[in-house]
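Asks: Each protein sequence line maps, in turn, to chains E and X.
Take the first sequence: its letters are residues 907 to 1012, numbered as in the numbering used here.
Take the second sequence: its letters are residues 907 to 1012, numbered as in the numbering used here.
Hints are supplied without guarantee of correctness; some may be wrong.
Since the list can't tell identical chains apart, any single copy or any two copies may satisfy a pair.
[As the list claims (entries may be wrong)] Subject to a maximum C-alpha distance of 30 Å in a straight line, what follows is the list of computed DSBU-like cross-link-like pairs (lysine-lysine):
| no. | residue 1 | residue 2 |
| --- | --- | --- |
| 1 | 930 | 950 |
| 2 | 950 | 917 |
| 3 | 971 | 917 |
By construction, these hints were calculated from the structure, which means they are not laboratory data.
Since this is a predicted model, take the numbers as computed values, not measurements.
Number of protein chains: 2
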Amino acid sequence: MYCISIAYPKKDGATFDFDYYTKKHMPMVSGLLGANVDRFEVRKGVASPDGSTASFVCMANIWIKLFYEFQVTLAKHGKEIMGDIPNFTNIQPILQVDQVVVGNFW
Amino acid sequence: MYCISIAYPKKDGATFDFDYYTKKHMPMVSGLLGANVDRFEVRKGVASPDGSTASFVCMANIWIKLFYEFQVTLAKHGKEIMGDIPNFTNIQPILQVDQVVVGNFW
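I would like the entire structure built from these sequences, with the hints used as guidance.
Replies: Below you can see the structure in the form of structure tokens.
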């Protein structure tokens, strides 16, 4: 199992519309990835363990079955996906693909 | 549902022992958190979407039921948990607590 990790780092003047993100953006991305998606999750950064503001405003994951299929989707629809980002945030996300080493979803 | 997000950023000369992390560290932390743990996952950063090295060598999550209980555990065992980090990596992790906004585990 692979997993796309998306992290939105905090910054001064950051805005993030969780409603748009969860109801429009993520379902759109998930739809484009199609049968390759196992599931997705969106999380709101609450706090760092020392009580200070969380380093990331939002962290999201999309668990996928095939890395190659994701690359194909990204090549085809990357522009459309990235073009939707200004509709919910002014933060530039950090994106990466992970391999699940330990977890419920192999 | 809450989730502890742990991210190990890449750096020059970074070392990370996934074997120790998955077999010793995470089970130890999970054991200290006890019944508050729903599940945990460890992921190895494979690549950024553009093919460059992943921003984070390792990303891990521990889904928990109660934020307060986590704080209690951290106050009691934080030193022990942090003290184990040099046994598997020379990277200083970014830690934060997230609230699950959308996901399978509410």
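Asks: A separate judgement is required for each hint: does it hold in the structure or not?
Replies: These are the hints, each one checked on the structure:
In this assembly of identical chains, residue 930 and residue 950 lie within 30 Å of each other by CA distance both inside one copy and across copies; the values are 16 Å within and 28 Å between. With identical chains, the CA atoms of residue 950 and residue 917 are at most 30 Å apart both within one copy (15 Å) and between copies (26 Å). For the identical chains of this complex, residue 971 and residue 917 are inter-copy neighbours only, at 28 Å across copies versus 33 Å inside a copy, given an alpha-carbon limit of 30 Å.
In this structure, every one of the numbered hints holds.
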